[in-house]
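Participant: Below are the chains, spelled out letter by letter.
Protein chains: 2
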Amino acid sequence: MNRPQPVEKMIEALRKLPGVGPKMAERLSYHILRSPQADVERLIDSIKEAKELIKLCSVCYNMSEKDPCPICGDSSRDTSLLCVVETPQDLLALSRVRDYGGMYFVLGGALSPLDSVGPQDIRVDLLINRLKKDKIKELIIATDTDSKGETTALYLAEQIKPLGIKVTRLGYGLPVGGDLEYADEITLARAIEGRREM
Amino acid sequence: MNRPQPVEKMIEALRKLPGVGPKMAERLSYHILRSPQADVERLIDSIKEAKELIKLCSVCYNMSEKDPCPICGDSSRDTSLLCVVETPQDLLALSRVRDYGGMYFVLGGALSPLDSVGPQDIRVDLLINRLKKDKIKELIIATDTDSKGETTALYLAEQIKPLGIKVTRLGYGLPVGGDLEYADEITLARAIEGRREM
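Those protein sequence lines, which keep their order, are chains W and V.
The numbers in my numbering rise by one with no breaks, and the one at position 9 of the first sequence is 9.
The numbers in my numbering rise by one with no breaks, and the one at position 128 of the second sequence is 128.
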């Protein structure tokens, strides 16, 4: 016997989600089939509502209910300081750091030559326009510290330094609360390089 | 900054799915927000359609578009032989074995005293009614071989043997294509017990 067609279709649609393999898609599908109708409707409605209400902020490209988003609309912020991140999740993490009072820009990904993601596939041009238009004095590059994030940071620095804008990168070092014993060599080397006087 | 309310609600709804933790729910949510509207609608429609079209077969409690399901409606099958499984997925796996020409029954779970799942929470009574009504001669217990499945098998055997019905359990042993070195002790012991002359 094969699975009924509608179940097959649901499994196929769920498999397209990130991190969902064939077994997980099957498990989710049978869970959904067993779940009360009201629960399934709550799930569907929450997805529909989010898709409907959430837009991209036309200034920083963060996801928000409002355009401009609460950060870009906050007039008490330092508009000459810009922090560029890969994703809205990264922005969210940084925005919990109280001390930073500047603006943000979401690139929407990182350069990855192996996956043929080039500068035209992320918002490099829009970033450069923003830097010029808003007379940004310092750009903080807060891309991930993996190889894609590093490639992106180097590329951005190369493009942007000639514009006379100060370009900085988030500091490397040991994560706070971490165990030195388990830190990798490169992180340790960076931590030594970035040592500070006490 | 906090996440926009609609995103928070979607993450919460997704977290209720099995195997989806907070990080995964967040990842799925941002993926959905980034995805083209058409893709999200395809996903939602596939879920809605499956929920609408798939019913429980009133004979075996398998999930099917038809009631009775194709197996229960197949008059060429041996109706005196019944195989009881925990879930529709288990039924599907067994139904790929060509040699078995009997009927099925889906219990809808396994006994688990620790989670307070008792006989009244799975379809034990319905199974016993079926055994009597259809004059079943042999019941093959094909519950999982974990502790819940074993408990369920023992309980069913106890209840059903007094009815004068032959009760069998799927054979234990080494999985085909497996490496003996990695088999656990209990499986090996069962494999020795169940050895066959060549």
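In short, the hints are calculated from the structure, not lab data.
Treat the hints loosely; a few may be bogus.
A short list of chain W residues far from chain V (calculated; beta carbon distances all over 12 Å) [what the hints assert, rightly or not]:
1. Q5
2. K9
3. A13
4. H31
5. V59
6. L92
7. Y104
8. G108
9. V117
10. K133
11. E158
12. V167
13. G171
14. V176
15. D179
16. A189
Think about it this way: if two alpha-carbon atoms lie no more than 27 Å apart in a straight line, the pair counts; the simulated DSS-like pairs of lysine-lysine are [stated by the list, open to error]:
17. V/K166 x W/K23
18. W/K9 x V/K137
19. V/K148 x W/K16
20. W/K23 x V/K51
Each residue gets a CB set at the ideal place from its N, CA and C atoms; glycine is no exception.
Participant: Each hint: holds or not?
Facilitator: Okay, the hints, checked on the actual structure:
1. Q5: The claim breaks: W/Q5 does not keep its Cβ more than 12 Å from every Cβ of chain V (closest is about 7 Å).
2. K9: It is violated; W/K9 is separated from chain V by about 5 Å at its closest Cβ, not greater than 12 Å.
3. A13: Non-interface label on W/A13 violated, nearest chain V Cβ at 4 Å vs cutoff 12 Å.
4. H31: Its Cβ does come within 12 Å of chain V, the nearest being 5 Å, so this is violated.
5. V59: Fine: 14 Å to the nearest Cβ keeps W/V59 off the interface.
6. L92: Violated, because the least Cβ-Cβ distance between W/L92 and chain V comes to about 6 Å, which does not exceed 12 Å.
7. Y104: About 10 Å separates W/Y104 from the closest Cβ of chain V, which leaves it inside 12 Å; violated.
8. G108: violated, 8 Å
9. V117: holds, 14 Å
10. K133: holds, 23 Å
11. E158: Fine: 27 Å to the nearest Cβ keeps W/E158 off the interface.
12. V167: holds, 24 Å
13. G171: At roughly 22 Å from the nearest Cβ of chain V, W/G171 sits farther out than 12 Å, so the non-interface label holds.
14. V176: Nearest chain V Cβ is 20 Å from W/V176, so the label holds.
15. D179: It holds; W/D179 is separated from chain V by about 21 Å at its closest Cβ, greater than 12 Å.
16. A189: Per Cβ check, W/A189 is outside 12 Å of chain V; nearest 29 Å; holds.
17. V/K166 x W/K23: Since the Cα atoms of V/K166 and W/K23 sit roughly 34 Å apart, the hinted pair is violated (cutoff 27 Å).
18. W/K9 x V/K137: violated, 38 Å
19. V/K148 x W/K16: Violated, because 33 Å separates the two Cα atoms, which is more than 27 Å.
20. W/K23 x V/K51: holds, 19 Å
Consistency note: the structure conflicts with the earlier hints numbered 1, 2, 3, 4, 6, 7, 8, 17, 18, 19.
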